[in-house]
Amino acid sequence: MGQISDALPSRASFLARTDPMEAARPENHSVAAYAEVENPAVAFVWELRHNPEGALATLPDRSYSKVLDATDVLKELWEDKPAVNELELAKALITQIVLLDDNLCEQVLTRANIMARECSTAVAPYLRPQS
Numbered sequence: 001m002g003q004i005s006d007a008l009p010s011r012a013s014f015l016a017r018t019d020p021m022e023a024a025r026p027e028n029h030s031v032a033a034y035a036e037v038e039n040p041a042v043a044f045v046w047e048l049r050h051n052p053e054g055a056l057a058t059l060p061d062r063s064y065s066k067v068l069d070a071t072d073v074l075k076e077l078w079e080d081k082p083a084v085n086e087l088e089l090a091k092a093l094i095t096q097i098v099l100l101d102d103n104l105c106e107q108v109l110t111r112a113n114i115m116a117r118e119c120s121t122a123v124a125p126y127l128r129p130q131s
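The numbering of the sequence shown is my numbering, which starts it at 1 and goes up by one.
It should be emphasised that the hints constitute simulated quantities derived from the structure, not laboratory data.
Beta carbons are placed, not taken as given, at the ideal position from N, Cα and C, and that holds for glycine.
Just to be clear, a hint being listed does not mean it is correct.
Said to hold, decoys possible - Here are the simulated distance ranges between beta carbons:
hint, residue 1, residue 2, range
1, M21, A57, 36 to 42 Å
2, P52, N113, 51 to 57 Å
3, P52, T18, 53 to 59 Å
All chains should be built: construct the whole structure from the sequences, respecting the hints.
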């Protein structure tokens, strides 16, 4: 999936660059007040190592396999990070949903292409490689 969420500017940083007066308004300030959510793979491994009598360790093989498969699918949303905040998780989930649905993906990419052409001068500074 890549680091898509890292490439997107926040609304506050975009406003600060394009409309400083609007960015100064209190309702447009960015607040990093999101809860951290631990990667389920990290929690899964911790539970097995530190709780030998716990629910995971005592599951029948078939149920254990289902839990392991579900954890494997979910951990992709964390992009190999041990924890992410709610906003990063929401962006990753939305991205995954869009990419899995061909029709939705086509619609989103078409709209993004139109928006990119219309906003190219305002967005261009964010697309330059960082040194």
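- [ ] Could you say whether the range 53 to 59 Å given as a hint is met by the Cβ separation of P52 and T18?
- [x] Given range 53 to 59 Å: holds, Cβ gap about 56 Å.
- [ ] Could you tell me whether the CB distance from P52 to N113 stays inside 51 to 57 Å?
- [x] holds (53 Å)
- [ ] Hint says 36 to 42 Å; check whether the CB-CB distance for M21 and A57 agrees.
- [x] violated (59 Å)
When each numbered hint is compared with the structure, a violation occurs for hint 1 only.
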